[in-house]
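Novice: Next come the chains, spelled out residue by residue.
Protein chains: 2
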Amino acid sequence: MIPIITAFESSPDRGRGLARDMRVRWALEEVGQPYDVRLLSFAAMKEPAHLALHPFGQIPTYEEGDLALFESGAIVLHIAERHGGLLPDDANARARAIGWMFAALNTVEPPIVEYVMTKLFECDKPWHAERLLVLDERARKTLGQLSHRLGDADWLDGTFSAGDLLMATVLLRAKAAGLLEGFPILSAYLARGEARPAYKRAFAAQLEVFTAQLSS
Amino acid sequence: MIPIITAFESSPDRGRGLARDMRVRWALEEVGQPYDVRLLSFAAMKEPAHLALHPFGQIPTYEEGDLALFESGAIVLHIAERHGGLLPDDANARARAIGWMFAALNTVEPPIVEYVMTKLFECDKPWHAERLLVLDERARKTLGQLSHRLGDADWLDGTFSAGDLLMATVLLRAKAAGLLEGFPILSAYLARGEARPAYKRAFAAQLEVFTAQLSS
Chain A
14 MIPIITAFES SPDRGRGLAR DMRVRWALEE VGQPYDVRLL SFAAMKEPAH LALHPFGQIP
74 TYEEGDLALF ESGAIVLHIA ERHGGLLPDD ANARARAIGW MFAALNTVEP PIVEYVMTKL
134 FECDKPWHAE RLLVLDERAR KTLGQLSHRL GDADWLDGTF SAGDLLMATV LLRAKAAGLL
194 EGFPILSAYL ARGEARPAYK RAFAAQLEVF TAQLSS
Chain B
14 MIPIITAFES SPDRGRGLAR DMRVRWALEE VGQPYDVRLL SFAAMKEPAH LALHPFGQIP
74 TYEEGDLALF ESGAIVLHIA ERHGGLLPDD ANARARAIGW MFAALNTVEP PIVEYVMTKL
134 FECDKPWHAE RLLVLDERAR KTLGQLSHRL GDADWLDGTF SAGDLLMATV LLRAKAAGLL
194 EGFPILSAYL ARGEARPAYK RAFAAQLEVF TAQLSS
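Which chain is which? The protein sequence lines are A and B, in order.
Take 14 as the starting number for the first sequence in the numbering used here and just add one per residue.
Take 14 as the starting number for the second sequence in the numbering used here and just add one per residue.
Keep in mind that the hints were calculated from the coordinates and are not lab data.
Warning: the hint list may mix true and false statements.
Said to hold, decoys possible - No farther apart than 25 Å at their CA atoms in a straight line, the calculated lysine-lysine pairs in the DSS-like style are these:
| hint | chain 1 | residue 1 | chain 2 | residue 2 |
| --- | --- | --- | --- | --- |
| 1 | A | K154 | B | K138 |
| 2 | A | K132 | B | K154 |
| 3 | A | K132 | B | K138 |
Please build the complete structure, drawing on both the sequences and the hints.
Specialist: What follows is the structure in structure tokens.
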């Protein structure tokens, strides 16, 4: 059974791998599971057929036989539970790795997304410059705490896990927004993630969508 | 083995049950697991002993023998995996319930928290009123999508699950901020959660911390 995921037909990031389908592609590549992709226009994402799969009208979704899932974190956890390689066998280490999955998405990502969204979409607002400073400080505080915890370790808790995978994709967005400057530990951590063969295959696959569209 | 969780010694919400320890208390009450609580001052949350448990200096944490966890979502999932009653037995239904856990924390909570934080902590900023309107619209869009999906169902996907538990605690924060006005479906859904005996026991336990401090 080949799972089907959804992704942007026309990614706003122009193939830089910042959209959330990248997380699912990377997880599937790590565990060696082939997959198909259904590309969606922004209009199609708001239509009833897609809203039945994803009530908030976003990507990615994941379909595998009778199962339909949304939320990139839940999809990555589902893949990690069905296949080896993304969660430790030891029960306590497994619970901690899942803890880092939630930390990536619920603690580290929100201030980064808020900074990015404000930078991009509120540049015509009178509050733009002053508010961006507030958000920059908030995001860097969280990144500083993450850097302090990581220290000289390669990964967040022992071997590479689904927690590292999600955290790296969150840091990709921070890097693209210039927020990783001054955090050499996090930059090196992200580089280790980007150096993984599975990451490279996933990145190439999403970039292919962008380049194919350019030449069509 | 009785797990130990951490909570605010002096909760900023004055016992209204909006802090994230409420999620963990509720989950433990649902599964009938007794627990101990270690209360922390704001100063203690930033000390090395607590930062070793929680790198971002927040509550709650969860300690059970050799296992130490942080992130309320991960703790609730750990409890749900170790005990019956918070996740369906069917594998696909279980994956969807975990999907709602991530949706509550990664899709629904961020715009609500952003609205609440702006309302509380940026009232001296020149952008306050105009920005609050933007955030109000953003939060209500997400709440509207959630309401549409819920429709006339009692719970998000079949029987009550850890996904409903987390979603209800997120909606508690929305309600406290006035964001549930105009969403009768979500108000009734939240009321069903608040009517559960386990919720009431958890709420009483966190309120007791506040009232005990008042009388001390």
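Novice: Against this structure, judge whether each hint is valid.
Specialist: Here is what the structure says about each hint:
Only pairs whose Cα atoms come within 25 Å are accepted, and A/K154 paired with B/K138 is accepted, the gap being roughly 21 Å. Straight-line distance between C-alpha atoms of A/K132 and B/K154 comes to about 21 Å, which keeps the hinted pair within the 25 Å bound. Of the pairs offered as hints, the one joining A/K132 and B/K138 holds, with about 18 Å between alpha carbons and a cut-off of 25 Å not exceeded.
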